[in-house]
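Participant: Could you build the full structure based on these sequences and the hints that come with them?
Top line first, the protein sequences correspond to chains Y and F.
Position 99 (the first sequence) corresponds to 98 in numbering that gives the first Met the number 0; numbering is contiguous.
Position 17 (the second sequence) corresponds to 16 in numbering that gives the first Met the number 0; numbering is contiguous.
You may find that some hints are simply not true.
What the hints assert, rightly or not - In silico DSS-like pairs for lysine-lysine, Cα to Cα no more than 30 Å straight-line: (1) K15(F) to K164(Y); (2) K6(Y) to K141(F); (3) K15(F) to K6(Y); (4) K141(F) to K15(F); (5) K67(F) to K190(Y); (6) K15(F) to K190(Y); (7) K189(Y) to K15(F); (8) K151(F) to K7(Y); (9) K15(F) to K151(F); (10) K164(Y) to K141(F); (11) K141(F) to K7(Y); (12) K164(Y) to K190(Y).
As the list claims (entries may be wrong) - Listing some non-contacts, in silico: residues in chain Y with all C-beta distances to chain F over 12 Å: (13) P131; (14) D133; (15) S134; (16) N146; (17) D153; (18) E180.
Unchecked claim - With beta-carbon atoms standing in for the labels, derived distance ranges: (19) I134(F) to M19(Y): 39 to 45 Å; (20) P124(Y) to S135(F): 46 to 52 Å; (21) N148(F) to E5(Y): 20 to 26 Å; (22) L47(Y) to H106(F): 45 to 51 Å; (23) H106(F) to Q24(Y): 24 to 30 Å; (24) Q46(Y) to K141(F): 36 to 42 Å; (25) H71(F) to Q24(Y): 29 to 35 Å.
Just so you know, the hints here were simulated from the structure itself, not pulled from any lab data.
The model shown is predicted, which means the values in this text are computed figures rather than measured ones.
Beta carbons are placed, not taken as given, at the ideal position from N, Cα and C, and that holds for glycine.
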Amino acid sequence: MQTPDEKKQMFLDMQEHPEMYSDAQLEAMMDELDQTPDAQAAWQEFQLSHRPAVARPSRRWTKVAASLIDVCMASGIALAAIHIVRQLSVEGELKSPAAEKQITKAKHSALLADTLAADTLAHEPRIFENVPLDSMLIEIATYYRVNVEFQRDDARQLRFHFVWKHSDSLDRVVERLNNFEAVNIIRERKKLIVR
Amino acid sequence: MEMTEAQQLFRQYYAKMYRVARTILYDEQESKDVVSDVFESLLSEGTALMPETAEHYLLTSVRNQCIKRIHHEEVRRHATDYCLTTLADEETEDERLTDIVEYVVSHLSPQEQRIFNLRFAEGCSYDEIATAEGISRVAIWKHLSHVLNVIKNHFNK
Numbered sequence: 000m001q002t003p004d005e006k007k008q009m010f011l012d013m014q015e016h017p018e019m020y021s022d023a024q025l026e027a028m029m030d031e032l033d034q035t036p037d038a039q040a041a042w043q044e045f046q047l048s049h050r051p052a053v054a055r056p057s058r059r060w061t062k063v064a065a066s067l068i069d070v071c072m073a074s075g076i077a078l079a080a081i082h083i084v085r086q087l088s089v090e091g092e093l094k095s096p097a098a099e100k101q102i103t104k105a106k107h108s109a110l111l112a113d114t115l116a117a118d119t120l121a122h123e124p125r126i127f128e129n130v131p132l133d134s135m136l137i138e139i140a141t142y143y144r145v146n147v148e149f150q151r152d153d154a155r156q157l158r159f160h161f162v163w164k165h166s167d168s169l170d171r172v173v174e175r176l177n178n179f180e181a182v183n184i185i186r187e188r189k190k191l192i193v194r
Numbered sequence: 000m001e002m003t004e005a006q007q008l009f010r011q012y013y014a015k016m017y018r019v020a021r022t023i024l025y026d027e028q029e030s031k032d033v034v035s036d037v038f039e040s041l042l043s044e045g046t047a048l049m050p051e052t053a054e055h056y057l058l059t060s061v062r063n064q065c066i067k068r069i070h071h072e073e074v075r076r077h078a079t080d081y082c083l084t085t086l087a088d089e090e091t092e093d094e095r096l097t098d099i100v101e102y103v104v105s106h107l108s109p110q111e112q113r114i115f116n117l118r119f120a121e122g123c124s125y126d127e128i129a130t131a132e133g134i135s136r137v138a139i140w141k142h143l144s145h146v147l148n149v150i151k152n153h154f155n156k
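Facilitator: In structure tokens:
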């Protein structure tokens with residue numbers, strides 16, 4: 000009987016060296032990974048443990064002896080997923096690496112007047128309904144007194160529904176915006192950069 | 000977001016969200032917790048999702064939550080080192096990661112990109128991906144293995 004650590008080690012090893020395992024072993028691992036708990040039961044469990052605004056501690060992770068996937072690797076997976084999704088959805092079809100380099104990376108920095116006092120704005124949530132990202136970000140950036148730079152002009156016209164709470168930190172707002180498909184914003188000290 | 004809306008989204012996307020988390024974290028309970036955390040956040044923050052973007056939002060949130068957990072653990076294990084990390088270092092690191100990803104993705108075959116996208120961005124099962132690509136599940140595993148090894152080799156340099 001394998002311990003959880005050993006099973007996880009085997010999962011990672013199978014990813015790295017699939018040639019060391021039989022097809023049956025790989026199939027068994029895929030079966031295990033695709034076993035999905037019943038959504039209805041999971042929802043009931045979620046409702047029972049539902050504690051608004053309290054983050055669920057990372058309780059199981061710490062039981063694993065070592066995090067065998069490091070943060071760079073996980074960031075790579077997430078960034079690659081965002082990058083590929085953007086390529087597939089924006090370009091419609093995959094481009095060759097050479098064609099990819101042709102994409103113009105026009106840089107435009109929207110310098111903002113730093114005159115609007117934050118406390119003059121209403122502190123109710125601001126609901127952006129189908130508003131272009133550039134308008135949305137300029138309003139948000141003005142509030143937090145930072146500038147915005149668009150490295151991709153097509154990103155300016157992205158539209159979605161977003162509820163902005165003024166009480167959120169700028170980092171939190173950026174994190175929530177980055178959850179949207181095709182949005183990749185990074186924050187530098189006094190600047191938001193849309194990639 | 001209202002509880003009824005959350006319940007509907009939960010039922011609709013639970014399987015995909017759970018699969019993405021498991022593919023990254025492996026741990027079953029940890030993966031369940033990640034999905035719960037995403038919905039906890041949606042409910043507590045009153046986030047409204049539009050039907051056409053809900054799936055992508057939820058799956059991206061899952062990936063981000065996975066990174067947070069891994070990062071949290073990394074910080075816990077390397078607390079001393081992390082304290083020495085400056086903001087400038089983080090910015091440089093972010094630029095470095097983005098450059099690497101652009102390089103890595105541009106060196107993947109179109110099929111590898113599609114398979115990676117189906118598993119990590121769309122939360123498809125191995126069966127679904129094999130059917131979509133017309134190849135065996137084992138071949139899918141090996142393609143994904145190659146992609147992950149390419150990412151790992153470049154990110155850990």
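Participant: A separate judgement is required for each hint: does it hold in the structure or not?
Facilitator: Hints, verified against the model:
1. K15(F) to K164(Y): Roughly 29 Å between the alpha carbons, so the hint for K15(F) and K164(Y) holds.
2. K6(Y) to K141(F): 19 Å, holds
3. K15(F) to K6(Y): Between K15(F) and K6(Y) the Cα gap is close to 22 Å, so the pair holds against 30 Å.
4. K141(F) to K15(F): 21 Å, holds
5. K67(F) to K190(Y): Distance ~23 Å between K67(F) and K190(Y) Cα, so the pair holds.
6. K15(F) to K190(Y): Violated: K15(F) and K190(Y) sit about 35 Å apart, past 30 Å.
7. K189(Y) to K15(F): Distance ~37 Å between K189(Y) and K15(F) Cα, so the pair is violated.
8. K151(F) to K7(Y): With Cα atoms ~17 Å apart, K151(F) and K7(Y) stay inside 30 Å; holds.
9. K15(F) to K151(F): 24 Å, holds
10. K164(Y) to K141(F): 44 Å, violated
11. K141(F) to K7(Y): 18 Å, holds
12. K164(Y) to K190(Y): Satisfied, since the Cα-Cα distance of roughly 19 Å is no more than 30 Å.
13. P131: 15 Å, holds
14. D133: Non-interface label stands for D133(Y): nearest chain F Cβ at 18 Å, farther than 12 Å.
15. S134: The assertion about S134(Y) holds, with a minimum of 17 Å to chain F.
16. N146: Fine: 15 Å to the nearest Cβ keeps N146(Y) off the interface.
17. D153: 16 Å, holds
18. E180: E180(Y) not clear of chain F: closest Cβ-Cβ about 4 Å, inside 12 Å.
19. I134(F) to M19(Y): 39 to 45 Å: 21 Å, violated
20. P124(Y) to S135(F): 46 to 52 Å: 49 Å Cβ-Cβ, so the 46 to 52 Å window holds.
21. N148(F) to E5(Y): 20 to 26 Å: 21 Å, holds
22. L47(Y) to H106(F): 45 to 51 Å: The hinted range 45 to 51 Å holds for L47(Y) and H106(F), with Cβ atoms some 47 Å apart.
23. H106(F) to Q24(Y): 24 to 30 Å: 29 Å, holds
24. Q46(Y) to K141(F): 36 to 42 Å: 40 Å, holds
25. H71(F) to Q24(Y): 29 to 35 Å: 32 Å, holds
The earlier numbered hints that this structure contradicts are 6, 7, 10, 18 and 19.
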